Amino acid sequence: MSEIQTQQKTSFLSKFEAFQCPVYGGMIDLRRAESRAGLENMDLPSSRQELWKYTRTGSILNKEWKHVHKANELPELPQLPGNCYVIVFLNGVWNAALSSIGTPESGLKIYPLSKATDSELEFIQQRLGALTTETGHFFTEVNNAFWSDGAVIRVAQNAQVERPIHIINWVSGDQSATTTRHLIEVAQGAEVRIVQSFLNSCTTETMSNTVTEAHVSANARLTITKIQAEADQGHCFSREQVKQAGDSTVQINTITATGGWVRNDVRVDVEGQNCTTNLYGTYSPEGKELVDNHTVVDHLLPHCESNELYKGIVSGNATGVFNGKVYVRQDAQKTNAFQQNANIVMDDSASMFSKPELEIYADDVKCSHGSTTGQFDEDAVFYLKSRGISETNARRMLVHAFIGDVLDHLEEDVREYAASFLRW
Amino acid sequence: MLKIKNLHANIDGTEILKGLDLEIGPGEVHAIMGPNGSGKSTLASVLAGREEYEVTDGEVDFDGKDLLDMEADDRAREGLFLAFQYPVEIPGVSNINFLKAALSEIREHHGQEAISAKEFLAMVKEKSALVELDGRLANRSVNEGFSGGEKKRNEIFQMAMLEPKVAILDETDSGLDIDALRIVAQGVNAMRDEKRSFILITHYQRLLDYIVPDYVHVLYKGKIVKSGDKHLALELESKGYDWLKENA
Numbered sequence: 001m002s003e004i005q006t007q008q009k010t011s012f013l014s015k016f017e018a019f020q021c022p023v024y025g026g027m028i029d030l031r032r033a034e035s036r037a038g039l040e041n042m043d044l045p046s047s048r049q050e051l052w053k054y055t056r057t058g059s060i061l062n063k064e065w066k067h068v069h070k071a072n073e074l075p076e077l078p079q080l081p082g083n084c085y086v087i088v089f090l091n092g093v094w095n096a097a098l099s100s101i102g103t104p105e106s107g108l109k110i111y112p113l114s115k116a117t118d119s120e121l122e123f124i125q126q127r128l129g130a131l132t133t134e135t136g137h138f139f140t141e142v143n144n145a146f147w148s149d150g151a152v153i154r155v156a157q158n159a160q161v162e163r164p165i166h167i168i169n170w171v172s173g174d175q176s177a178t179t180t181r182h183l184i185e186v187a188q189g190a191e192v193r194i195v196q197s198f199l200n201s202c203t204t205e206t207m208s209n210t211v212t213e214a215h216v217s218a219n220a221r222l223t224i225t226k227i228q229a230e231a232d233q234g235h236c237f238s239r240e241q242v243k244q245a246g247d248s249t250v251q252i253n254t255i256t257a258t259g260g261w262v263r264n265d266v267r268v269d270v271e272g273q274n275c276t277t278n279l280y281g282t283y284s285p286e287g288k289e290l291v292d293n294h295t296v297v298d299h300l301l302p303h304c305e306s307n308e309l310y311k312g313i314v315s316g317n318a319t320g321v322f323n324g325k326v327y328v329r330q331d332a333q334k335t336n337a338f339q340q341n342a343n344i345v346m347d348d349s350a351s352m353f354s355k356p357e358l359e360i361y362a363d364d365v366k367c368s369h370g371s372t373t374g375q376f377d378e379d380a381v382f383y384l385k386s387r388g389i390s391e392t393n394a395r396r397m398l399v400h401a402f403i404g405d406v407l408d409h410l411e412e413d414v415r416e417y418a419a420s421f422l423r424w
Numbered sequence: 001m002l003k004i005k006n007l008h009a010n011i012d013g014t015e016i017l018k019g020l021d022l023e024i025g026p027g028e029v030h031a032i033m034g035p036n037g038s039g040k041s042t043l044a045s046v047l048a049g050r051e052e053y054e055v056t057d058g059e060v061d062f063d064g065k066d067l068l069d070m071e072a073d074d075r076a077r078e079g080l081f082l083a084f085q086y087p088v089e090i091p092g093v094s095n096i097n098f099l100k101a102a103l104s105e106i107r108e109h110h111g112q113e114a115i116s117a118k119e120f121l122a123m124v125k126e127k128s129a130l131v132e133l134d135g136r137l138a139n140r141s142v143n144e145g146f147s148g149g150e151k152k153r154n155e156i157f158q159m160a161m162l163e164p165k166v167a168i169l170d171e172t173d174s175g176l177d178i179d180a181l182r183i184v185a186q187g188v189n190a191m192r193d194e195k196r197s198f199i200l201i202t203h204y205q206r207l208l209d210y211i212v213p214d215y216v217h218v219l220y221k222g223k224i225v226k227s228g229d230k231h232l233a234l235e236l237e238s239k240g241y242d243w244l245k246e247n248a
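Protein sequence lines, in the order shown, are assigned to chains B and A. The opening residue of the first sequence carries number 1 in our numbering; numbering runs sequentially from there. The opening residue of the second sequence carries number 1 in our numbering; numbering runs sequentially from there.
Next up, chain B with everything else stripped away, as it sits in the complex (with noise of 0.2 Å):
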């Protein structure tokens, strides 16, 4: 690393010494020590790097980013139809009068870490981080050192929660920065759906990151929707790091309507027999806008299911990236393993780059892959309009109907939501 590199990164990272993170005791400060001095060795991400081709971070790194701990106000936030579970986060720090969570119903647990009781310190010193260590990240280990609230959720063996948890990640304040980590545990034969928004006060410069690590036991089903809707001074990084076991179903939905800067990484290390995975993803950046979602699942025992697609429409002069992988290791036999992306690029200006990655050890699997990107049916669109329909909504049913097939796998309440963000 050169020395103007070293000097960038010491102060970068000097903005998040400054933040006030709890401390435990025991595994989580350890951890989080550990993180702290892995970032010495770490280089600053750069386009030099292949996780970091094209997406540019100098935006991010130069930047006098500080820990708003009040928000001025509270936002007013969005809702999910029908009943749920709220836990919000305002830069980073649970915050009580927003949230609603109540009683919770029998099997479950909602609680934010800054209120974790001394009955659940075991549990979280045993499972916090223990899923993102290493990770070869530097964003997840900024997270890893300086997260500083986030919420827990567990949910105890055979509990199905009918209600959805939505989680609220809100930024606001000028060059206000967040780290915000939760835990989710789903134990055998459980279920449970869970909403992450993510969204940011329209005026100012701010960048969340947000790392939620879950941790899915047997025959247990997790669904997280995550809805990215922050205006175009935002960036957001945000990364969902999960552990399957045998004939558990996981599957994570990224609903990416508006955001200056967005990168989601989403990795699940299969670990079981008979596991679900599905991730799908949807991603529509304009102006100037950039878009990147970076996946990897990994298949490390036999008779496993993926199925991946993400669908994206980039307009204008942004930047939309997929890099997807799937690793299907040599004992994991009878993989079953799809991938798919496809875009339409609308305009001359706008750019997407999309890397769809198969590797596999195995010899006896069923695995494929592709990515398309196109232009938009103008024959379609003039078809719409020789029936009256203006362009407009002729462009608008044209693109409901390339990501329905994305937006299709949300259910019914959470699809309705994520279509009062989306731009189209």
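Keep in mind the hints are simulated off the structure, nothing from the lab. Since this is a predicted model, take the numbers as computed values, not measurements. For every residue, glycine included, the Cβ atom is placed at its ideal position computed from N, Cα and C. Honestly, I wouldn't trust all of these hints.
[As the list claims (entries may be wrong)] Estimated spans, in silico, between C-beta atoms of each pair:
#1 B/S371 / A/R192: 46 to 54 Å
#2 B/R415 / A/A114: 18 to 26 Å
#3 A/H109 / B/E64: 15 to 23 Å
#4 A/D193 / B/C202: 29 to 37 Å
#5 A/H110 / B/E378: 46 to 54 Å
#6 B/R415 / A/M123: 22 to 30 Å
#7 B/R423 / A/M123: 30 to 38 Å
#8 A/S238 / B/D408: 55 to 63 Å
#9 A/H110 / B/H400: 51 to 59 Å
#10 A/T14 / B/D232: 29 to 37 Å
#11 B/S349 / A/M123: 53 to 61 Å
#12 B/P81 / A/A114: 47 to 55 Å
[As the list claims (entries may be wrong)] Computed cross-link-like contacts, SDA-like style, restricted to lysine to any residue with a CA-CA straight-line distance of at most 20 Å:
#13 A/K100 / B/E17
#14 A/K5 / A/E23
#15 A/K100 / B/T319
#16 A/K100 / B/N393
#17 A/K100 / B/L30
[To be verified] What the simulated footprint calls covered on chain B by chain A, stretch by stretch (three residues with Cβ under 8 Å from a Cβ of chain A suffice, anywhere in the stretch; the number is not a length):
#18 382 to 394
#19 397 to 411
Using the hints provided, position chain A relative to the given structure of chain B.
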């Protein structure tokens, strides 16, 4: 209803229509025939408002309005309909939702109230029966996986739903078997009245046995070179176009 005067149109710098004149009164059915490359489909595209075609001269009066000045969607709202020679498949857009959206925009344009769901469904049922279009097709994605005949029947179904003032059928009969042709013709005939006009663009006289035109025109090298009544079509069928080419 539709007055075309001295229409010139280019595509990619090549002039296709070279001073076309045609006047269509309310309730009239005009057939336009002509050899390949004479400009028949260009005429349909130019009237419907396809942007690839550049109109270099001439004017088109549509019920008192300047047609060429309007966008394709406005032309449709004002009552112009084109049945496509090659209907476009649009995966993911349901035939019904698309028609409902079209009908809503047309009604809004005319300051009419939106159609109720019940009225709309009753209309779908009635009009799809007209062209013997299976109810299941109405619910599928627009033209996706439709057979050639089903696509053409779907065009006529849309026409029946949108109730245009002027309908242009661009080779709707090409490639149809006799049963499908009969169904298409039956749909068109059911819609004929003293106000609604039709332009039938076709290669084959056969269509005109089923939809009897008031006038038949021959288009050649971008101009109408001969006009007559339905007997002209029969004459063309037996003699071909060469005798007209010589005159032109």
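Taking the hints in turn, this is what the structure says about them:
Between B/S371 and A/R192, the C-beta spacing of about 51 Å keeps the proposed range 46 to 54 Å intact. At about 24 Å, the beta-carbon gap between B/R415 and A/A114 stays in the expected band of 18 to 26 Å. A hinted range of 15 to 23 Å is violated for the C-beta pair A/H109 and B/E64, which are about 53 Å apart. Distance hint check: the CB atoms of A/D193 and B/C202 are about 55 Å apart, inconsistent with the given range 29 to 37 Å.
A beta carbon spacing of about 28 Å between A/H110 and B/E378 contradicts the range 46 to 54 Å that was offered as a hint. A hinted range of 22 to 30 Å for the beta carbons of B/R415 and A/M123 is consistent with their spacing of about 29 Å. Roughly 33 Å separates the CB atoms of B/R423 and A/M123, a value that falls within the hinted 30 to 38 Å. Between A/S238 and B/D408 the beta carbons are some 56 Å apart, a value that agrees with the proposed interval 55 to 63 Å.
Taken as a hint, the range 51 to 59 Å is violated for the pair A/H110 and B/H400, whose Cβ atoms sit roughly 26 Å apart. Distance hint check for A/T14 and B/D232: the Cβ-Cβ separation is about 45 Å, which falls outside the suggested range of 29 to 37 Å. For the pair B/S349 and A/M123, the supplied restraint of 53 to 61 Å is violated, since their beta-carbon distance comes to about 44 Å. Remark: the range hint 47 to 55 Å for B/P81 to A/A114 is contradicted by a beta-carbon distance near 24 Å.
Of the pairs offered as hints, the one joining A/K100 and B/E17 is violated, with about 58 Å between alpha carbons and a cut-off of 20 Å exceeded. For the suggested pair A/K5 and A/E23, the alpha carbons sit about 8 Å apart, so the restraint of at most 20 Å is met. About 35 Å separates the Cα atoms of A/K100 and B/T319, which puts this hinted pair outside 20 Å; it is violated. For the suggested pair A/K100 and B/N393, the alpha carbons sit about 12 Å apart, so the restraint of at most 20 Å is met.
Pair hint A/K100 plus B/L30 does not hold up; C-alpha atoms about 62 Å apart against a cutoff of 20 Å. Only residues whose beta carbon comes within less than 8 Å of a beta carbon in chain A count, and the segment 382 to 394 of chain B has 12; three or more means the coverage holds. With a cut-off of 8 Å between beta carbons, the segment 397 to 411 of chain B has 7 residues touching chain A; three or more are needed, and the interface restraint holds.
Hints 3, 4, 5, 9, 10, 11, 12, 13, 15 and 17, counting from the list given before, are not met by this structure.
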